[in-house]
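Could you put together the complete structure from these sequences and hints?
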Amino acid sequence: MSDPNEQLPENSGSGSSKAISRRKFFKKASIAGATVAATTAMASTPVDGDAFTDAVQEFFQGHYQKMTKEEVADAIARLERKTKRKYGVDIQINNEPPLEGVLFGYALNISKCKGYRKCVTACMEENNTSRTLQIQYIRVLEMDKGSMNIEESNHYYDSETVPQEGKMYLPIQCHHCENPPCVRACPTKATWKEDDGIVVIDYNWCIGCHYCVVACPYWARRFNWEDPDLPPEKINPVTHYLGNRPRERGVMEKCTFCVQRTRKGKLPACLEACPTGARVFGNLLDPNSEIRYILENKTVFRLKEELNTNPKFWYYTD
Amino acid sequence: MKKMTKSMIGILIVLLGLWGGAWMVVSLHESPVYAETPSVETDDVAEDEADDENDEQDAGDTNEKAEDGIKLSETAKVTLANVRDFWKREEVTPREKMKAFPPFVVPPRKTELENYPCLDCHEDAEINKNVERTLTEEHTNIVLDHGEQRFWCLNCHNLNHMNYLKSLKDQQIDFNQSYLLCGQCHAARQKDWYFGAHGKRIGNWNGERQILVCTECHDPHSPSIKPKQPDPPPRRHHAVVHVSRPEHKSTLNMWNIHKKDKE
Numbered sequence: 068m069s070d071p072n073e074q075l076p077e078n079s080g081s082g083s084s085k086a087i088s089r090r091k092f093f094k095k096a097s098i099a100g101a102t103v104a105a106t107t108a109m110a111s112t113p114v115d116g117d118a119f120t121d122a123v124q125e126f127f128q129g130h131y132q133k134m135t136k137e138e139v140a141d142a143i144a145r146l147e148r149k150t151k152r153k154y155g156v157d158i159q160i161n162n163e164p165p166l167e168g169v170l171f172g173y174a175l176n177i178s179k180c181k182g183y184r185k186c187v188t189a190c191m192e193e194n195n196t197s198r199t200l201q202i203q204y205i206r207v208l209e210m211d212k213g214s215m216n217i218e219e220s221n222h223y224y225d226s227e228t229v230p231q232e233g234k235m236y237l238p239i240q241c242h243h244c245e246n247p248p249c250v251r252a253c254p255t256k257a258t259w260k261e262d263d264g265i266v267v268i269d270y271n272w273c274i275g276c277h278y279c280v281v282a283c284p285y286w287a288r289r290f291n292w293e294d295p296d297l298p299p300e301k302i303n304p305v306t307h308y309l310g311n312r313p314r315e316r317g318v319m320e321k322c323t324f325c326v327q328r329t330r331k332g333k334l335p336a337c338l339e340a341c342p343t344g345a346r347v348f349g350n351l352l353d354p355n356s357e358i359r360y361i362l363e364n365k366t367v368f369r370l371k372e373e374l375n376t377n378p379k380f381w382y383y384t385d
Numbered sequence: 056m057k058k059m060t061k062s063m064i065g066i067l068i069v070l071l072g073l074w075g076g077a078w079m080v081v082s083l084h085e086s087p088v089y090a091e092t093p094s095v096e097t098d099d100v101a102e103d104e105a106d107d108e109n110d111e112q113d114a115g116d117t118n119e120k121a122e123d124g125i126k127l128s129e130t131a132k133v134t135l136a137n138v139r140d141f142w143k144r145e146e147v148t149p150r151e152k153m154k155a156f157p158p159f160v161v162p163p164r165k166t167e168l169e170n171y172p173c174l175d176c177h178e179d180a181e182i183n184k185n186v187e188r189t190l191t192e193e194h195t196n197i198v199l200d201h202g203e204q205r206f207w208c209l210n211c212h213n214l215n216h217m218n219y220l221k222s223l224k225d226q227q228i229d230f231n232q233s234y235l236l237c238g239q240c241h242a243a244r245q246k247d248w249y250f251g252a253h254g255k256r257i258g259n260w261n262g263e264r265q266i267l268v269c270t271e272c273h274d275p276h277s278p279s280i281k282p283k284q285p286d287p288p289p290r291r292h293h294a295v296v297h298v299s300r301p302e303h304k305s306t307l308n309m310w311n312i313h314k315k316d317k318e
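Chains as they are written, first to last, in this note's numbering: chain W, 68 to 385; chain V, 56 to 318.
The hints are simulated quantities; they were obtained by calculation from the structure and are not laboratory data. It cannot be assumed that every hint is accurate.
Here are the simulated DSS-like cross-link-like pairs (lysine-lysine), alpha carbons at most 30 angstroms apart as the crow flies [stated by the list, open to error]:
id : chain 1 : residue 1 : chain 2 : residue 2
1  : W       : Lys185    : V       : Lys154
2  : W       : Lys331    : V       : Lys281
3  : V       : Lys283    : W       : Lys301
4  : W       : Lys91     : W       : Lys185
5  : V       : Lys281    : W       : Lys365
6  : W       : Lys365    : V       : Lys154
7  : W       : Lys333    : V       : Lys154
8  : W       : Lys234    : V       : Lys154
9  : V       : Lys143    : V       : Lys165
10 : W       : Lys333    : V       : Lys165
So the derived label-pair ranges between C-beta atoms look like this [what the hints assert, rightly or not]:
id : chain 1 : residue 1 : chain 2 : residue 2 : range
11 : V       : His212    : W       : Asn162    : 53 to 61 angstroms
12 : V       : Gly76     : W       : Glu232    : 53 to 61 angstroms
13 : V       : Leu174    : W       : Arg369    : 35 to 43 angstroms
14 : V       : Pro172    : W       : Glu315    : 43 to 51 angstroms
15 : W       : Arg369    : V       : Leu71     : 41 to 49 angstroms
16 : W       : Glu232    : V       : Pro157    : 33 to 41 angstroms
17 : W       : Gly332    : V       : Trp142    : 40 to 48 angstroms
18 : V       : Gly75     : W       : Glu232    : 51 to 59 angstroms
19 : V       : Ala155    : W       : Glu219    : 51 to 59 angstroms
20 : W       : Asn377    : V       : His212    : 33 to 41 angstroms
Glycine is no exception: its CB is placed at the ideal position from the N, C-alpha and C atoms.
Shown next, in the form of structure tokens:
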């Protein structure tokens, strides 16, 4: 409704009334420069510090794969202090490297899975996932028997008992592909595949852009839409930097094959929780392992084989 | 230009027709595979007639006849030789292959059993009759739902030594190794369990292999897995549309639903 010919007010654009004097400009610029210099100085000194120093240093933290051992140790110490401040819980963030000669593989017997969701609950408790959002890395799909139509499956089933008549259950989680589309999609390289085959995320590097969500064909990625308000008594104190350490709002997370457990030789939490023993985990490079026996002797299949993601999660039947 | 186009089209049609015709001729000329092998009936008829006339002269055939009393044609002999050659016993027998499983240990079961050791009561109890009957005085909580009336208590439990189970050959099987008993009937399942495709491993994925015995999951008197209540479903976030229509089985199917609405 405004008249296009009306003259614009004087203050818009580069009006002369907003001109700043050289003295004022240099004064402001030097103050800004001094602040930047101070913060970078604080960032580079590894000091057992308070919340502000930690926050600044965390801001200037590098990529996990490019940091030196000392820098990673400092980052871990910062995160432990942060968790202590936030939740009042002492946690231990480990940084075990991948084991030599190990490539993890997982197999799941769909004849055995009855849909109890014990794996889902155990995973949540082990991995310090957001309780406000109830993030669940594992999603159990309920399908009609005789079909493999994942798109028409139901993962919100809430029946009195399971298994229901005529239904089959297929749990799906991160398949830790050998050719992961999420890794290729990530614009910041916050997610990568480790030498033992686990696809990990550096939560301090992730910007939460969701490119990986779009790329993943198995719906494995979860996002922290809100601050994961973990109940302090439920926090699992044994964590890994790339695994289940407490995350914050705005980062992606997913199944890590329980990197904090498996790199110490223990079994993933989902496997330990499964009441029917449907899950099998092991080293694909060991010819005598159980997973190799299954791959060589049972009827195995993988999901969405045609996408060439080469997942390391097989399903098999009795 | 137009006149030339018409003639070019005509030439194309002629060429196509020639090519199509040549293709049809070639394809019809292919001989089917079965026409090469001689049919079995003619051989049999020929041999039968020859046999009827010259019984003693057919010395070459007497071996085959003596073996199984069946007249074999040439083709059948070849096939039989192939089959026997194919199924010739391998260097490693299936039994040896079965024993090549990775070693394991099992957590003991005797400590978990309520009524073990059985001899605590059965040493001084009345002599048991090896007669099938329903127990009325003790062990009344056990209802055998295994095998559909094909066996009863003393097919597995050892009357001679009640602290053990027994095999089909009346050998003693320890309660801590009850898988040996189950494997007598469920051999394929036992092989899977030995190699890790069935059952549950506990503790660690490398190092000492600890696996659970059959009865940790399967009640031996009623082994089938009963339906149980599942853990709660995932929470539907506010970003997902909440609908109660049955077609909305999953959020993954949303766009399909809306497509249906338009039809």
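- Query: Checked against the structure, which of the hints given earlier come out wrong?
  - Reply: The structure conflicts with hints 1, 2, 4, 8, 9, 13, 14, 19 and 20, although it agrees with all the remaining ones.
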